[in-house]
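S.K.: Protein sequences, first through last, are from chains A and B. For the first sequence, our numbering gives the first residue as 1, with consecutive numbering after it. For the second sequence, our numbering gives the first residue as 1, with consecutive numbering after it.
Incorrect hints may appear among the rest.
[Said to hold, decoys possible] Computed list of lysine-lysine pairs in PhoX-like fashion (alpha-carbon distance at most 20 Å, straight line):
hint, chain 1, residue 1, chain 2, residue 2
1, B, K154, A, K83
2, A, K114, B, K66
3, A, K87, B, K154
Everything labelled a hint here was simulated from the structure, so no lab data went into it.
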Amino acid sequence: MMYKKTSIVLAIIAQMIFSTLSLSANADNHRGIGLYPVEKKSVSAFNKSIYRALIIGNDHYQDQDGRWKPLKTAVSDARAVHKLLEKAYGFSDVNVLENATRREVLQAFESLSKKVLPNDHVLVYYAGHGFMEPDTQKGFWVPVDAKGTDNTTFLRNSTIRDELTTIASRAKHTLLVSDSCFSGSLLRRGTRGISGVTDNAQYYKKVSNKKSVQIMAAGGLEFVDDNYQSSAHSPFTYFFLNELKNNDRPMLTLSELSTNVEKAVANNVDQVPESGVLQGAGDELGEFIFIKVDLEIEGVPVDKVKVKVNLKQGNETQSRQLKPAQAPSPTNNNRELKEILPIPTL
Amino acid sequence: MRYKKIFIILIVNLFYLHAANANQRITIGAKLLAAGWQGDNGSVSNSFNSDEGGQIAISASYSLDKFYAGVSLQNGKYKFNDSAPEQFTQSGRVNTSNTNIEHNELDILTGYYIWDNISFFIDLKGISNIWSNNDYEQNFGGLGFGVSGFLPLKNNLTLFGSAGFVGNGDIKDSAEVKVGNGSSGALDLGTIFKLTPNSSLNVGLKFRTYNFEYLDNTSQEYSINALFVGYNHSFTLE
Chain A
1 MMYKKTSIVL
11 AIIAQMIFST
21 LSLSANADNH
31 RGIGLYPVEK
41 KSVSAFNKSI
51 YRALIIGNDH
61 YQDQDGRWKP
71 LKTAVSDARA
81 VHKLLEKAYG
91 FSDVNVLENA
101 TRREVLQAFE
111 SLSKKVLPND
121 HVLVYYAGHG
131 FMEPDTQKGF
141 WVPVDAKGTD
151 NTTFLRNSTI
161 RDELTTIASR
171 AKHTLLVSDS
181 CFSGSLLRRG
191 TRGISGVTDN
201 AQYYKKVSNK
211 KSVQIMAAGG
221 LEFVDDNYQS
231 SAHSPFTYFF
241 LNELKNNDRP
251 MLTLSELSTN
261 VEKAVANNVD
271 QVPESGVLQG
281 AGDELGEFIF
291 IKVDLEIEGV
301 PVDKVKVKVN
311 LKQGNETQSR
321 QLKPAQAPSP
331 TNNNRELKEI
341 LPIPTL
Chain B
1 MRYKKIFIIL
11 IVNLFYLHAA
21 NANQRITIGA
31 KLLAAGWQGD
41 NGSVSNSFNS
51 DEGGQIAISA
61 SYSLDKFYAG
71 VSLQNGKYKF
81 NDSAPEQFTQ
91 SGRVNTSNTN
101 IEHNELDILT
111 GYYIWDNISF
121 FIDLKGISNI
131 WSNNDYEQNF
141 GGLGFGVSGF
151 LPLKNNLTLF
161 GSAGFVGNGD
171 IKDSAEVKVG
181 NGSSGALDLG
191 TIFKLTPNSS
201 LNVGLKFRTY
211 NFEYLDNTSQ
221 EYSINALFVG
231 YNHSFTLE
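Work out the full structure, taking the sequences as your base and the hints as a guide.
M.R.: As structure tokens, then:
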């Protein structure tokens, strides 16, 4: 009987699959809960670098006391950032949370940190209310299910730092962009000056090979505006998007971007964005680099434009060419789709 | 014996995937199929058509970047009030009617995405049919090749499909004695609706054709077609 014969093989394969599963459980004979060091994923020369993003926009606050008024632009900010990153900058793995609860934000961080690979570039964007305790100067993100000033229902800066640190321990470049009141409090543990704009290819190569964990905040320890000139965007995100849209260079570092955004915001509203590094998360003075994939060149048809970028991957240098038409679309997250497709059979 | 070589290739492949330890995922799935079985017994007897039929399928697959490997098991039952597929025994054909046939399928496969949306796979296919009137069992098995692909339509909606064939498989009776050779063709078309980043519902059509040539130089053809609905969920491995 065929099934008797094949059942042994089937059992072996099933055992392999489930033993793989059980590795993560890391079970032992002790009772209680144990803590185990996170195993770093091995760097393979064949690991492609993936641009991933977690984008959060909170408008509809549910606080019954009315402490947290609804915002007008956070969700549209998040959608615009999502659209731009995917269309123009080749972000192929983007998770957008609209009106997210505390639990949903933490779950999204958890999910993101699990799938990050060593050569990845990870951007986390948050638009929503922020809060700072006057006595302790502790900063928070405010999720939509926050209750009054009960800070146990908020997301503490230290929690956000912890989540970013976990992601940064695995990714090549990590960037947090926070568009909320008091978001500069995330930077209080350490900042650094921003280097000037450069076109030097050696510079891009140098900073792309070094690990970075950077933060860009809409303001320091201050309130920030919501709807900039009825643009449906906050001033910070308006100029953030504007700089990325109008960028005509194939590569743009965060330092270059933040310099321009800070100037533009400060020149137009009473608000000064800040940027720096996340202290203690392994920053090696690298730079988050935005690679433009829908570059337009005057006189050249859009479908003929190619962006050629040399990426250092592991010990190998690989050349990657991106055509605008090949840039991942918002509906074309093939990597995720493969994972939930039915298995093909004959 | 050649199947053993395929098993070894599969197992080596799984070991490789396991050892690479990067972005590994397990996906499990379940599927319900409303199916019909129709065909022709060839020159000896008449055509047949099932009056009721359906199958249930479960699957588990392991993926790492462009590689995947998996197992799928199906079990179903078809009721024939009149003519039914004939049994092919060592002593010749046995005409059957008014019977139920239990239909089982086993697929062990591995594949690779050649392009972003297109993969090729090999499938070690096994089918067993068991007639309820006399518990006669007939098995068909062979190595097949296929291609699968998908096309995103909207945010949560994606077309998918696969096609392939088993070129030359063995047909054996209850005693594992070869009674013929066969081939089969397969086509799946459907849509998946992404529920969450880790889960999806899928709906589609499944077409299977079988051509059997028996040692007495007679033949039998039939097809099993189905409408299916399924659910898939994936898990990340550390």
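S.K.: Looking at the structure, which of the earlier hints fail to hold?
M.R.: Per hint list: zero violations.
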